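Undergrad: The residues making up each chain are set out below.
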Amino acid sequence: VTAAAEPQPLPRRRVSLLSRAWAFVRRHTLTVFGLLALAYLMLPIVIVIVFSFNNPAGRFNYTWEGFTTEHWTNPFGPPFLGDSVATSIKVAVLATVVSVILGTLVAMALVRYHFRGRGATNLLIFVPLTAPEIVLGASLLALFLNLGTALGFWTIVIAHIMFCISFVVVTVRARLVGFDRHVEEAAMDLGANEYVTFFKITLPLIAPGILAGALLAFSLSIDDFVITNFNAGTTETFPLYVWSQAQRGVPAEVNVIGTMIFGVAVLLMLLNVILSYRRNPKGAA
Amino acid sequence: MSFLHRHRWLTPYLLLAPGVAFLILFFVVPLYYLSYTSLQEGTVQVGYTFTWAWDNYSKAFSDYEEQFLRSLEYAGIATVAALLISYPLTYWIAFRGGRWKNLLLLFIIAPFFVTYLIRTLAWQNILADDSFVVNALQFVGLVADDGRVLATSTAVIAGITYNFLPFMALPLYVSLEQIDKSLIEAAKDLYASSTKAFLRVTLPLSAPGVIAGTLLTFIPAAGDFINAELLGTPNQAMIGNVIQSKFLEITDYGQAAALSVILMAVILVLIVIYTRVLGTERMAG
Chain H
-2 VTAAAEPQPL
8 PRRRVSLLSR
18 AWAFVRRHTL
28 TVFGLLALAY
38 LMLPIVIVIV
48 FSFNNPAGRF
58 NYTWEGFTTE
68 HWTNPFGPPF
78 LGDSVATSIK
88 VAVLATVVSV
98 ILGTLVAMAL
108 VRYHFRGRGA
118 TNLLIFVPLT
128 APEIVLGASL
138 LALFLNLGTA
148 LGFWTIVIAH
158 IMFCISFVVV
168 TVRARLVGFD
178 RHVEEAAMDL
188 GANEYVTFFK
198 ITLPLIAPGI
208 LAGALLAFSL
218 SIDDFVITNF
228 NAGTTETFPL
238 YVWSQAQRGV
248 PAEVNVIGTM
258 IFGVAVLLML
268 LNVILSYRRN
278 PKGAA
Chain Z
2 MSFLHRHRWL
12 TPYLLLAPGV
22 AFLILFFVVP
32 LYYLSYTSLQ
42 EGTVQVGYTF
52 TWAWDNYSKA
62 FSDYEEQFLR
72 SLEYAGIATV
82 AALLISYPLT
92 YWIAFRGGRW
102 KNLLLLFIIA
112 PFFVTYLIRT
122 LAWQNILADD
132 SFVVNALQFV
142 GLVADDGRVL
152 ATSTAVIAGI
162 TYNFLPFMAL
172 PLYVSLEQID
182 KSLIEAAKDL
192 YASSTKAFLR
202 VTLPLSAPGV
212 IAGTLLTFIP
222 AAGDFINAEL
232 LGTPNQAMIG
242 NVIQSKFLEI
252 TDYGQAAALS
262 VILMAVILVL
272 IVIYTRVLGT
282 ERMAG
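Which chain is which? The protein sequence lines are H and Z, in order. Here the working numbering is used: the first residue of the first sequence is -2, the next is one more, and so on. Here the working numbering is used: the first residue of the second sequence is 2, the next is one more, and so on.
Honestly, the hints are just simulated from the structure, not real lab data. Please read all numbers here as calculations on a predicted model, not as lab measurements. Backbone N, C-alpha and C fix where the C-beta goes; we use that ideal spot for every residue, glycine too. Careful, some of the hints might be misleading.
[To be verified] Listed next, with one range per pair, are the computed distances between beta-carbon atoms:
no.: 1; chain 1: Z; residue 1: P209; chain 2: H; residue 2: L265; range: 23 to 31 Å
no.: 2; chain 1: Z; residue 1: K182; chain 2: H; residue 2: V94; range: 16 to 24 Å
no.: 3; chain 1: Z; residue 1: V175; chain 2: H; residue 2: V263; range: 18 to 26 Å
no.: 4; chain 1: H; residue 1: T127; chain 2: Z; residue 2: A22; range: 17 to 25 Å
Throw the hints in and build the complete structure from the sequences for me.
TA: This is how it looks when you write it as structure tokens:
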């Protein structure tokens, strides 16, 4: 502040300018780096969306050839694409419902009761989360091969339930840990029996956790390629369809469906962020 | 109801039973069948018989040592790269994010909302020979003028880094976010420089996030085959490529299972060593 008012020799001024520039860079490098990293994370997503409007000359949707909304008007046009998306949704719904029920029950047992075998149960939940997907897929295939089970829709559903359960347990458990059990005791004191208490008090309070678990299970299921690839037989889910087309050139409609899935997921997450801001305006979730 | 009242100790086991039974049937038992298959001999035509074929293991080592080492190398480099990108990024969000934290976090998980295969295919576009990114890299001199990125190990490692980066960033963010900011202020009050405060306070406190993040990134990366398949050539084949082609294309089940068992074992050993080394170091420090 005083540097401008007092006449000063030139070299000293240059030093202060340099050090101020250095201070500016130091203060903002982190921000610049953060923004660059976010841009890096967004780049492939932008490419997916942009190329859903591309008008490719040949089979390969690599280079930008011109704008068209043609793929958006009939996204399920290419043969087998619509069927594979329908299969993926059916598998995801079944896997979500079953894994959420099984996982929520396990989470309740783990949080609320002390029992023999608790450590072993925790281990059983934890290990599938850390095993490489290819080992999970290969070992299930080994089971089905040895038992002579025909691969297809139901083996995919079984595989998906298997890898979703642990994620549901972890998500619901996180919600249950902060649960105030006095509310339940109050309901019981006021004459509610255990079932009424569960459905009127417990379930609504842990519903956000269950919903988060369900969303996670659904998105994991709809996205899974590796484990499905091992246990699908001739049944084709959406990721398997993309894989089978990858060598021949993926049709631009795949980008359209990828964009749709992305859009739905972002909407749901934004809703969640907005709700958490409403509950706690300071921004701590 | 009255039965349950009399036998309250049964409740946790009843809650656990369905989920735990499912995981035992379709996670634990398959691992047994995977080891069982790994000691079988035969072909699809004549069938497979269990013969204690340890040969599968010795051959797996001698024939595919290269792919094993490459998997560990690629996964290691990708893990370090993901850490170097994620640490400043999550530090920025945790300490400077303010009320935008949740929204910025959404950017980190956004890649998960685009189907894995589709976002990897987007990297094909980004790294293709005449793409703007490759042109820019050539301009800066990081890539030779006639050089390419797609179909090299750089492309495969870049793809792995991108695809598993959220696994690194999320646990890092959680541990950075939990750090009590007044500890850092206290260090500075006691005349620690910013660098020293970071090295002696922030970094050690974020160690659990670093450990969890590196494990969660390295494990799936070492078993991955999608990036090598879509962004590389057979010269970049990882152990996952070998396992999946032996199971699904060549139907050499015995050796495929042996390779999967080895992969699982190598990863388990690395996890144990890693947590031991870091654990004792932290106790010493």
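Undergrad: Confirm or reject each hint.
TA: Hint-by-hint comparison with the structure:
Checked against the given bound of 23 to 31 Å, the beta carbons of Z:P209 and H:L265, roughly 29 Å apart, stay inside it. Under the hint 16 to 24 Å, the C-beta atoms of Z:K182 and H:V94, about 43 Å apart, miss the expected range. For Z:V175 and H:V263, the hinted distance range of 18 to 26 Å is satisfied, since their beta carbons lie about 22 Å from each other. Take H:T127 and Z:A22: their Cβ atoms lie about 21 Å apart, and the range 17 to 25 Å holds.
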